Amino acid sequence: MSSGSSMEDTEIDTNTKLFVGDIFPKADAQTLLHRFRSCGKVKSIEIRSSRDLIKNSFSNATVVYEKREDAIRALSDLNGAEVMGNPIRISWYQPDPKKRYIEGANVIIRNLDRNILQSQLYVTIEKAGHIVSCKIARDSNGNSLGYAYVSFESAKAADFFIKMLDGTIVGPKKISIVKHVRKSERPHLNEPHQFRNCYVKNFGPDVTDEGLKSVFKQFGTITSAVVMKDGNISKKFGFVCFENPSSAEAAVREMNGKLFNGRRLYVGRAMRRAERFRYLTETQRQIDSFKQSDKSTVFISHFEESVNEEMLKNHFARFGKIERVTIVRDRRGVFRGFGFIQFSSQSEAARALELCGKPLNSKPLYVALKQTKEEENLMKRQLSLQLQQSIITQNMPILFGPFPWLAQRTSTNYCIPRYLAPRGI
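Residues 1 to 425 (UniProt numbering) make up the sequence shown, in order.
Don't take every hint at face value.
Computed cross-link-like contacts, EDC-like style, restricted to lysine to aspartate or glutamate with a CA-CA straight-line distance of at most 20 angstroms [said to hold, decoys possible]:
1. 358 <-> 309
2. 163 <-> 230
3. 127 <-> 96
4. 321 <-> 310
5. 229 <-> 354
6. 127 <-> 66
7. 363 <-> 323
8. 174 <-> 103
9. 313 <-> 323
10. 179 <-> 206
11. 67 <-> 82
12. 179 <-> 230
13. 41 <-> 28
14. 179 <-> 209
15. 321 <-> 354
16. 163 <-> 206
17. 229 <-> 254
18. 135 <-> 113
Worth flagging that the hints you see were computed from the coordinates, not collected in a lab. Every value quoted in this text rests on a predicted model; they were computed, and no experiment measured them.
Construct the complete structure from the given sequences, taking the supplied hints into account.
Given below as structure tokens:
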């Protein structure tokens with residue numbers, strides 16, 4: 001057997017040549033040979049180390065068998081097998097990069113049990129069609145992210161796979177399968193504030209995937225709706241993914257705060273942990289800009305994105321002299337769903353609380369005094385601790401403030417930064 005040297009891709013080689021990905025970087029040709037020769041006589045092995053040690057620390061290799069039937073056996077038996085503790089990914093070698101991605105032949109399996117092994121997944125799903133490659137997505141520590149990528153030889157095979165297995169039980173969970181679309185080709189997602197995936201929480205334990213889908217189907221075509229579970233027990237939150245961003249935006253706009261079976265839903269844009277981290281830190285930075293004017297500043301939320309600073313200023317001008325109006329946006333100009341109005345005195349700010357619950361362009365406003373410096377410091381310490389521990393979740397309350405829908409004009413209300421949740425983004 002030869003190793004470490006490249007060879008021409010003859011017709012014989014491409015019929016017996018396998019691509020092996022996700023190889024632990026310390027694995028050498030002898031380590032791979034020990035694993036692959038169990039399926040037949042190996043002609044050659046060539047390992048290619050990763051050039052980008054930051055984005056991908058794994059290596060890949062090509063393995064050539066003398067007989068095609070041995071290569072077929074390895075593709076079936078060794079896909080997902082562990083080499084030095086890491087599951088490998090095997091597919092037929094394709095020398096032409098343009099042919100490695102077949103339009104419509106790639107799918108994503110969602111809601112996977114995080115304890116399932118890649119080899120177990122491969123054995124479970126290979127009955128539904130010939131699989132070119134199967135890979136469970138993992139974090140930097142090798143832990144499953146709960147979804148996987150599967151590639152087929154044709155779009156027709158992928159369609160059949162979805163028809164056969166979408167909605168079936170794999171391990172303890174019901175999986176969801178959708179077609180994979182390249183980022184550059186995803187429609188209507190060029191603007192940073194657009195999204196298709198909604199996070200939904202605070203529904204009852206009896207709500208199913210179909211029940212969740214039936215609630216949101218009025219807003220447009222749904223590609224997947226999943227209730228997250230711990231075994232067979234609902235976690236009372238889930239995700240609804242729409243085909244079009246406009247449908248997702250309408251769902252957030254209309255369903256956030258709505259009563260459903262006696263429970264008030266929270267519906268917002270689904271965010272990754274890193275995105276949530278950036279959101280909270282940016283929010284805190286903008287709140288800090290008002291720290292010198294606590295007693296004369298009010299917090300405003302639950303207004304439409306079409307409302308601008310001038311409209312807010314005119315709406316609140318009756319209560320006194322307004323020094324500054326700010327609608328909070330991120331660095332890309334994306335609307336955050338809330339803002340601040342600074343009055344010239346504390347008494348003017350207190351009078352402005354009369355508008356809490358009163359409509360502006362048909363939507364009832366939430367108005368509260370900005371927290372005192374002592375309260376702010378306490379919340380900043382709590383937020384800092386959350387950020388350091390990376391406990392950034394999407395379990396946010398329904399609206400802004402502790403219980404804004406119960407707020408009364410006669411009560412003194414305060415906004416609390418750790419309760420801020422994105423609206424309409």
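Going through the hints against the structure:
1. 358 <-> 309: Holds, at about 18 angstroms.
2. 163 <-> 230: Violated: residue 163 and residue 230 sit about 26 angstroms apart, past 20 angstroms.
3. 127 <-> 96: violated (28 angstroms)
4. 321 <-> 310: holds (14 angstroms)
5. 229 <-> 354: violated (43 angstroms)
6. 127 <-> 66: Violated, because 27 angstroms separates the two Cα atoms, which is more than 20 angstroms.
7. 363 <-> 323: violated (25 angstroms)
8. 174 <-> 103: Violated, at about 26 angstroms.
9. 313 <-> 323: holds (10 angstroms)
10. 179 <-> 206: Given that 20 angstroms is the threshold and the Cα spacing comes to 29 angstroms, the pair is violated.
11. 67 <-> 82: Violated - the C-alpha atoms of residue 82 and residue 67 are around 23 angstroms apart, more than 20 angstroms.
12. 179 <-> 230: violated (26 angstroms)
13. 41 <-> 28: The hint holds at about 18 angstroms.
14. 179 <-> 209: Holds - the C-alpha atoms of residue 209 and residue 179 are around 19 angstroms apart, at most 20 angstroms.
15. 321 <-> 354: holds (16 angstroms)
16. 163 <-> 206: violated (26 angstroms)
17. 229 <-> 254: violated (26 angstroms)
18. 135 <-> 113: With Cα atoms ~14 angstroms apart, residue 135 and residue 113 stay inside 20 angstroms; holds.
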